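Protein chains in written order, with this note's numbering: chain A, 8 to 267; chain B, 698 to 953.
Be aware that one or more of the hints could be misleading.
As the list claims (entries may be wrong) - Okay, the calculated beta carbon distance ranges per label pair:
{"#": "1", "chain 1": "A", "residue 1": "167", "chain 2": "B", "residue 2": "812", "range": "55 to 61 Å"}
{"#": "2", "chain 1": "A", "residue 1": "242", "chain 2": "B", "residue 2": "819", "range": "45 to 51 Å"}
{"#": "3", "chain 1": "B", "residue 1": "819", "chain 2": "A", "residue 2": "167", "range": "28 to 34 Å"}
{"#": "4", "chain 1": "B", "residue 1": "948", "chain 2": "A", "residue 2": "248", "range": "39 to 45 Å"}
{"#": "5", "chain 1": "A", "residue 1": "167", "chain 2": "B", "residue 2": "811", "range": "55 to 61 Å"}
{"#": "6", "chain 1": "A", "residue 1": "250", "chain 2": "B", "residue 2": "822", "range": "35 to 41 Å"}
{"#": "7", "chain 1": "A", "residue 1": "14", "chain 2": "B", "residue 2": "829", "range": "30 to 36 Å"}
Since the hints were made in silico from the structure, they are not lab data.
Keep in mind the model is a prediction, meaning the values are calculated, not measured.
All residues carry an ideal CB built from backbone N, CA and C; glycine is no exception.
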Amino acid sequence: MNILRVAGPPLFIAAFMVLLWHAAVTLSGVQPFLMPGPLNVSSAIVANGATLAHAAGLTAVAAVLGLAASFVAGFLIAVSFSQSPIVERSLYPYAIFLQTVPIVAIAPLIVLWIGHGLPGVVAVSFIISLFPIIANTTAGLTRIDPDLLDLFRLYGASRVQTLLRLRVPHAIPSMLTGLRISCGLSVVGAIVGEFFAGYGTEDYGLGYLIILTNAQTKTPYLFASVLTSTALGLSFFALVSLLSRRALRRWGGANEPARA
Amino acid sequence: MSVTARGLAKEFPGPPAVPALSPLDLHIDAGEAVSVVGPSGCGKSTLLRLIAGLEAPTMGELEIGDEPVSIERGRATANLSYVLQDPTLLPWRNVHDNASLPLQLAHWPGSVIAEQASAALDLVGLGSEGRLYPHQLSGGMRMRVSIARALSSRPGLLLMDEPFGALDEISRQALNGELQRLWREQGFTLVFVTHSVQEAVFLGQRVIVLSPRPARMVSEHKVEFAFPRAPELRTSNEFSQLMRQVSKNLHGGTVP
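Next up, chain A with everything else stripped away, as it sits in the complex (with noise of 0.2 Å):
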């Protein structure tokens, strides 16, 4: 009943919207290879849906990869910059420029250092879903309350208790929002990173399948595509907030994580 009252609404907006696109598609006659109609794609999906699921495949695997390398890499260096307030002023401008870099500008870049194949997807994916990690996690491990900042001093705890028993769980709830926000980007980032680099000759992704597709004018193909690179998003997405609502069930709302 719930699942209904949930799913139902934006549900009934897709099949209108489908029911809109045929309609529009089939009145005006526009030819397939311009704007393809939901028929056409469905089929596409239908004729190619063995490489799309092994594309789909390869591409989750990068952004998974990418994604686990961002969120150690992040939490460490967000643990360096709640230990070293000048450690934090010195390097932190250089976290935001991973955010501003125009990922799809330096990909090639970056695939031509690191090489085809799989390293350089994963890097790329990892560069672009990195800062939110940091931002996030950062902001978790050092505004806590003063008060209990005191609490530990008073109790004569440690620096590493410090850390260990109050800031790293105060930071977890920030540390999902990051998360949530970079599993998203981290499958921008395989893709784009595809864009530039496929895994082999009979091997590839969905970014170089979009690439491909689009080369050869094949736009119901390259529609499916684009299609199964949301659905890859989108159920990373519901994976991770799934994940984080569960972890944060004893956190009780009693800590607002820290948005991005």
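Got chain A sorted already, so can you dock chain B onto it with the hints?
Frame of chain A, contents of chain B only:
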């Protein structure tokens, strides 16, 4: 544990420098209950933070027990606990683990931690609520957990900074009664900062009145009522009379 301050003063460095506490002489006997009242922002908390070793004094000496508080180390070695207006519980820890915190930070053995945290929760009437999380508790219950945490290390000195200021009148009076019982049973020295004259007189054997910032001792009142003090004491004539005297000094000679 006794507390002795000689010429204790604090000025926060500026510019402009802010004097928070004028040189203060104070002696509190071991096991005594002393209330400190003063207008908001007068430096009452600064006095407590100095005793707790959370701030270093600008001038003067401070002894807790027979040990001078070392300014260099920035914290008292004495076995003392501190309770604030905000219960400052850790939301990711359940009630029992919150009460265990001071003992864990001091690396006590696990079996002793579990036993003393449970004992402290029993003292505040939350012995069977150990598995609950802070967000599942009312304000008064959270304050009880905060008090249990403070008592888990069996401190010789308990510092309280307007602990019941955010609670409703009913919870506040109930906790006043419980705090009095705990003080009598546990034998710690109690320094209780409040801006409620009634609370100060009800809990203290002695009430110290501070002036507006920078805090200076205006007067000291002995409170002779015998313990245990019943809640009805608050409505007696003698009690009102003493409250009037304290209020008079608190407001610089005029009764509001």
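Results of checking the hints against the structure:
no.: 1; hint: A:167 - B:812: 55 to 61 Å; result: violated, 26 Å
no.: 2; hint: A:242 - B:819: 45 to 51 Å; result: holds, 49 Å
no.: 3; hint: B:819 - A:167: 28 to 34 Å; result: holds, 32 Å
no.: 4; hint: B:948 - A:248: 39 to 45 Å; result: violated, 56 Å
no.: 5; hint: A:167 - B:811: 55 to 61 Å; result: violated, 23 Å
no.: 6; hint: A:250 - B:822: 35 to 41 Å; result: holds, 37 Å
no.: 7; hint: A:14 - B:829: 30 to 36 Å; result: holds, 34 Å
Comparing the model with each numbered hint stated earlier shows that hints 1, 4, 5 do not hold.
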